[in-house]
Amino acid sequence: MKILLIGASGVIGRAVMHALSFDHEVLAASRKSGDLQVDMSDPDSLRSLFAKTGPLDAILSVAGDGVMAPLATMSDDDFNRTLDTQMKGQLNVLRLGLDVITPGGSITLTSGVAAQNPMPSTSTIAASCAAIEAFTRTAATEVETVRLNVVSPIFVKESMELFGLPTEGGLSAADTAKSYLAAVTGDMHGQILSTPDFA
Numbered sequence: 002m003k004i005l006l007i008g009a010s011g012v013i014g015r016a017v018m019h020a021l022s023f024d025h026e027v028l029a030a031s032r033k034s035g036d037l038q039v040d041m042s043d044p045d046s047l048r049s050l051f052a053k054t055g056p057l058d059a060i061l062s063v064a065g066d067g068v069m070a071p072l073a074t075m076s077d078d079d080f081n082r083t084l085d086t087q088m089k090g091q092l093n094v095l096r097l098g099l100d101v102i103t104p105g106g107s108i109t110l111t112s113g114v115a116a117q118n119p120m121p122s123t124s125t126i127a128a129s130c131a132a133i134e135a136f137t138r139t140a141a142t143e144v145e146t147v148r149l150n151v152v153s154p155i156f157v158k159e160s161m162e163l164f165g166l167p168t169e170g171g172l173s174a175a176d177t178a179k180s181y182l183a184a185v186t187g188d189m190h191g192q193i194l195s196t197p198d199f200a
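Letter by letter, the sequence shown follows residues 2 to 200 in the numbering used here.
Think of the hints as simulated: they come from the structure by calculation, not from any bench. Since the model is a prediction, treat every value here as computed from it, not as a measurement. For every residue, glycine included, the Cβ atom is placed at its ideal position computed from N, Cα and C. Hints may be right or wrong, so weigh each one.
The following label-pair restraints were derived from C-beta to C-beta distances [said to hold, decoys possible]:
#1 His25 / Thr74: 39 to 45 Å
#2 Pro119 / Pro197: 14 to 20 Å
#3 Asp198 / Glu143: 23 to 29 Å
#4 Ala52 / Asn118: 35 to 41 Å
#5 Asn118 / Thr142: 25 to 31 Å
#6 Phe164 / Arg96: 16 to 22 Å
#7 Met161 / Leu97: 19 to 25 Å
#8 Asn81 / Asp24: 36 to 42 Å
#9 Leu163 / Phe23: 25 to 31 Å
#10 Pro44 / Phe23: 19 to 25 Å
#11 Ser49 / Met120: 33 to 39 Å
#12 Ser173 / Asp66: 41 to 47 Å
In silico SDA-like links for lysine to any residue, alpha-carbon gap of 25 Å or less [stated by the list, open to error]:
#13 Lys89 / Phe23
#14 Lys53 / Val68
#15 Lys3 / Arg32
#16 Lys3 / Ala20
#17 Lys3 / Ala29
#18 Lys3 / Pro44
#19 Lys53 / Leu97
#20 Lys33 / Pro71
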């Protein structure tokens, strides 16, 4: 399969790249590195990316630029950056990516546990995750030739370590990647894949 992986430079992205590269041709895209560059907050940048890739069997988006900030101190930039990249950017990956996916292919987006488990300072991230899931489930009722799914990761141990947090209850990036592999190779459509279910 020819797969586009957006967000390949992050912790999860690198693990997904490793998991897929054994059996598939994977094009890596991110803002500043990879085979191709893209600014997900800009629909024209996404259109340019898809023009360069040509037909694809799958698109995986593991990118996002969510900002953790309390409501009382959240700036307009914090708010807009999260919505423009994490939410609208991923929704545009699906919306615009449909034009390059071959019949029977798939598009997989990324939400997160914040959609189901409210935590302080994550209101905009949680809203973005919930919107991604609702958008994809609804889009799946309209699209029959391409499978549309969302992976919802719990906290990734490697990221928890970077922030100096205890890793108990987290999941390794390698185990997290298994959900994305399942989304590409499986037959699910309109589903939210919780990463512990596939670890």
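Failing hints, ascending? Per hint list: 6, 7, 10, 12, 13, 14, 20 violated.
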